[in-house]
Every structure is written in structure tokens, then in C-alpha cells.
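For the sequence shown, full-length UniProt numbering gives the first residue as 1, with consecutive numbering after it.
The set of hints was computed from the structure by calculation and includes no laboratory data.
Be careful, since some hints might not be right.
[Claimed, not checked] Here are the computed distance ranges between Cβ atoms for each label pair:
| hint | residue 1 | residue 2 | range |
| --- | --- | --- | --- |
| 1 | Ala76 | Arg51 | 21 to 31 Å |
| 2 | Met1 | Gln115 | 35 to 45 Å |
| 3 | Met1 | Ala197 | 38 to 48 Å |
This one's a predicted model, so the numbers in the text were calculated from it and none came from an experiment.
Where a beta carbon is used, it is the ideal one built from N, C-alpha and C, also for glycine.
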Amino acid sequence: MNVMERHKLVVGLLTQQNRATVAELARATGASEMTVRRDLEVLESRGALRRVRGGAVSALPGGVEPPYAVRAMSGAQAKERLARAVVDLLTEGETVALDTGTTAVAVAKAMADRQFTVSPLSLHAAFALSAHPGIRLVLPGGQVRPEELSFHGRTAVETFRDLCFDTFVLGCCGIDPVQGATAYDLDDVQVKRAAVASAQRVVLVATADKLGRAALGRICSVEEIAIVVTDAPADSPAVEALRERGAEVVHPADD
Numbered sequence: 001m002n003v004m005e006r007h008k009l010v011v012g013l014l015t016q017q018n019r020a021t022v023a024e025l026a027r028a029t030g031a032s033e034m035t036v037r038r039d040l041e042v043l044e045s046r047g048a049l050r051r052v053r054g055g056a057v058s059a060l061p062g063g064v065e066p067p068y069a070v071r072a073m074s075g076a077q078a079k080e081r082l083a084r085a086v087v088d089l090l091t092e093g094e095t096v097a098l099d100t101g102t103t104a105v106a107v108a109k110a111m112a113d114r115q116f117t118v119s120p121l122s123l124h125a126a127f128a129l130s131a132h133p134g135i136r137l138v139l140p141g142g143q144v145r146p147e148e149l150s151f152h153g154r155t156a157v158e159t160f161r162d163l164c165f166d167t168f169v170l171g172c173c174g175i176d177p178v179q180g181a182t183a184y185d186l187d188d189v190q191v192k193r194a195a196v197a198s199a200q201r202v203v204l205v206a207t208a209d210k211l212g213r214a215a216l217g218r219i220c221s222v223e224e225i226a227i228v229v230t231d232a233p234a235d236s237p238a239v240e241a242l243r244e245r246g247a248e249v250v251h252p253a254d255d
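Could you put the whole structure together from the sequences, leaning on the hints where they help?
See the structure below:
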């Protein structure tokens, strides 16, 4: 088991049972207690847990977005498949606004060898896009949220009000047929709304666990979303509900 796999397992166990001892985590991961203590130190620095005497407790309460570093640990292959499906929907030369989050970063990486003008809502995506010679990169202004590295504030909002994009690739913390697309951070929500308004088409990309959930801040209604790209089963009630609201639902192709 490599470091990333251990970290994912530790975070997953703490999410399930809230608290675990170093000895329990060592047995679960097959690592030494010394290695587990080092893992806990790293994960605590990322906001994933809080160390206590003899072990650790979860630092991820419900209703709060997990830290970026924690989200980046999970579902990499699923996000890559979704990202490829999103990029397949884009026409060469399109102007694209690209949302924040780990799935959006996967989309940025999948844009390699393509020609687009892209305005990313986060520096994480900007860094990934900067490696692609075919990408014309347009950065919004504004303040940068720590760790998430997303742009927010009046300057970022005004940037998207002054521009017009062919497509906005929207990520979310939850997508519900009634509440629409939602996110936890209200500063991010304001920028996402401006990006929605700036685009001729909104393509939402969401892993299956986001469907049927609603976070605090409402971004847009389902009716404002043209296409939902998801790995949720095609016959699931959540997917059927989105279709009934008029959204086209696209699933990634099997590898």
C-alpha cells in the first residue's frame, strides 16, 4: 500500500467511525505505528483530521466542504473518465470558462493537444492548463481563496460579466432537481453565477455522489444547465429526475 492509498484509507476510516487509535490504523493499513504517526501529521496539516492522544479524530463535519487536498485523494480514475467525456463535448477553438475543484482540474488536464481559449476559476486549473501549448489562457482577477486557490470577490465577478463564453464547465458540491446546482462556499457561488450568466451553454460535471444532494449556496437551476456529465447509473432516480427537468445526461464511455 503506497502513501496515497494509506492516506485515503485513514481518512475513510475516520469518516466512518470518527475516531481511531494509532494501533487500529496500523493494523488497517499494514504499516508501522511510526509510519501511521507520520501520516497523521501530514493529514492534520491538510485539515483532514485532528490528532489526539493515541490516535486521531475526523475533522470533516457534515455540511462543510472537505479540504481540496482531501478531495484530491479520491476518485481520480472516475474524474479522469468524466473529464474526457466533457472535453469530447467541446468544439475546437471554443471559449471555455472552467470551474474550481478537483474534477475541473481533471478536465484541464484532459484538454492537452486541443485548441481552446480557457478562463479557469482557480489557480489549480490554471497551472494544469499552462502546460498545454494549444490553450490560450485568460485569468480572471480577484482574491484567491487559500488552498482551494479559487478566485473570488468583486473583481472576479466583474471579469465574467465583461466576457462571453461558448461553454461554462460547471462543477458543484451537489445537484438536486429542485434546488439545482449548489456549492458550500458562498464567495465561490457568486463567481460561479457570473460564469453561468456569461456562457451560451452550461455543462455540469458531477460524480455520482453529488447527485441528489444540496449544499448551502444555490448556483443555478437545472433548467439553466444544458448537459450533465456524470457516472451515476443511467437508470437511477436522480438521473431520471434531471432528465425530467430538461437536462441532457451524458455518461463517460467505458475504457
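Verification of the hints:
no.: 1; hint: Ala76 x Arg51: 21 to 31 Å; result: 26 Å, holds
no.: 2; hint: Met1 x Gln115: 35 to 45 Å; result: 41 Å, holds
no.: 3; hint: Met1 x Ala197: 38 to 48 Å; result: 46 Å, holds
In the structure shown, no violation is registered for any of the earlier numbered hints.
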